[in-house]
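Trainee: Okay, here's what each chain looks like letter by letter:
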Amino acid sequence: MNELTGRIIKYPDNVNTDDIIPARYLSSMDMDMVAGHAFEDYDPGFKEKLRDRCIIVAGKNFGCGSSREHAVIVLKKVGIKAVIAESFARIFFRNSINQGLLALQLDGSSEPFEDGDSIRIDLDRAAVENETKSTIHRLKPFPRFLMPILNEGGLVPYLKRRRGWELQGPL
Amino acid sequence: MAEVDLLMLHEITGPLAIRAFEEMGFEGVWDPYKVVVVFDHNVPPSDISSASMMREMRSFVRAKGLTNFFEIGRGGIAHQLMAERGMSAPGRLIVGADSHTCTAGGLGAFGVGVGSTEAAAVLGTGKLWFRVPETFRVVVSNRLIEPSSPKDLILEVIGEIGMEGAIYKAIEYCGEGIRAMSVDGRLTLANMSIEMSAKTGIVEPDEKVASYIRDRTGMEVELLRSDEDAEFEETFEFDASKIEPLVAVPPRIDDVRPARELEDIEIDQAFLGSCTNGRLEDLRAAARLLKSKKVSPRVRMVVAPASMEIYREAMREGLLDIFVEAGAIVCAPSCGPCLGMSQGVLGPEEICVSSTNRNFVGRMGHRSSKVYLASPATVAASAIVGKIMDPRDIR
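Protein sequences, first through last, are from chains A and B. When the count follows the working numbering, it moves up by one through the first sequence with no breaks and lands on 180 for the last residue. When the count follows the working numbering, it moves up by one through the second sequence with no breaks and lands on 399 for the last residue.
Fair warning: there could be bad hints in the mix.
[Claimed, not checked] Using C-beta positions, here's what the derived DEER-type ranges look like:
1) B:K131 to A:G88: 28 to 36 angstroms
2) B:S145 to A:D61: 51 to 59 angstroms
3) A:F154 to B:E267: 20 to 28 angstroms
4) A:L176 to B:R59: 32 to 40 angstroms
5) A:M40 to B:R183: 45 to 53 angstroms
6) A:S118 to B:D268: 55 to 63 angstroms
7) A:F154 to B:D325: 55 to 63 angstroms
Since the hints were made in silico from the structure, they are not lab data. From the three backbone atoms N, C-alpha and C, an ideal C-beta is built for every residue, glycine too.
Hey, can you work out the whole structure from these sequences and the hints?
Mentor: Here it is, written out as structure tokens:
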């Protein structure tokens, strides 16, 4: 999975995990049902957008607030393949790695991206191309230290195979 | 990688952790004495699904022989419980499947929130990877002047640093204004560090922390502090004596304004409680204002002490009687109202003044409802008047 293309859903700064999935749905273990309520209050048009889009591009501090991993689980369930943001809240970022969801940091600003643009993410070159606008932007390289977890598809398969941690090198 | 001293799970994030733990193929937990299981989010359960999740947690607790399990009615909100049981102590690395695990920093512990899968990894291995964070230093001079409270101070800090201002940083709180503060107040400060997206918040521990833990456990703790020559990425200075009663205006936690500028806003509900402000000192501050007064007929007031220990002490001191006499309802210790789960969910267009920590869109209920965050005293003053009210304007 070194290249990914798709149209984007654009969100501003400080999208929180209550926005992604309101707490009233957390007292259920039926994740398909829970996923049906993703962005329900924050963006009532979200479901419609999913018909032809699979990448979120957001501003600063994406996924702030609650630690609920449900926020990442539901994004994966509804078919989101990657989230690109200027910055991520710490727990959301870790949850994304652990669930195998690509959480990529965009150096600088998300301004050159508009809702509905088509983009191409090139992980090897740490770059994202806005195909609609014919512009190329640098991504922050994903921490190599964490690649083994992402390559396994998340922390559950990673630990299932090893039964312990083998992460090495600088973060 | 670091060795974890304590792991906390509650009934919302816990079942996902248990299932991930089993999927990973672990059998025994790394240390059954170091896992804290608390029911606190929807207590007592308001629906079958919540009851089922608690049931799943109970059977895991039994099967793995976990010793620190707190059943409904015998605990309280996890972060408060871990403080009052002497678990949150200086130098401890505490990991919790809840973002407000940073509350432990009020007693000098390093408390961090994680997701359920990482909690599962800790259950199995006792270890987790960490990035060493850069540190912001918040230096507070002078003392707070009542009715201004630690909540008003932390709202001022959040207004200054901003809701995305401390991503992945640790925040250290120190100075005369902090040393003068009780443990209750320090827990409030550390608790809200996550609202600036910080990794954790730590209050420099002193003799008050040592005696708090000694009184509760008989244990002597080492007061670990930053080195004399420690480097801080940034230092922020505040004068506690200048802090006024403040309110965070929805939907931004960092849109902080003096309560006096908002006194024309009518409210439907007042909530006093949560891991932020459900402690004894908070209940006392509200009771002082509510004594011999009534909650406005247009307002319902909900009070939920943060733990059973606080509940009983508030009962002994007559605080609960003051609340009920004033027309408030006293509920079980629970996170329910703060996140719109139970015991005080808001309907369309309703406005709540709340002593909690988040004023996100729809946080306490319907997407068109609004949450204004304030101190316990401001919550009580507003409940009496039926509008947002600076407690200094109540007579």
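Trainee: Next, verify each hint and record whether it holds.
Mentor: To see whether the hints hold, each was checked on the structure:
no.: 1; hint: B:K131 to A:G88: 28 to 36 angstroms; result: holds, 33 angstroms
no.: 2; hint: B:S145 to A:D61: 51 to 59 angstroms; result: holds, 56 angstroms
no.: 3; hint: A:F154 to B:E267: 20 to 28 angstroms; result: violated, 52 angstroms
no.: 4; hint: A:L176 to B:R59: 32 to 40 angstroms; result: holds, 35 angstroms
no.: 5; hint: A:M40 to B:R183: 45 to 53 angstroms; result: holds, 47 angstroms
no.: 6; hint: A:S118 to B:D268: 55 to 63 angstroms; result: violated, 38 angstroms
no.: 7; hint: A:F154 to B:D325: 55 to 63 angstroms; result: holds, 57 angstroms
The structure fails to meet hints 3 and 6 from the earlier list, while all remaining hints are met.
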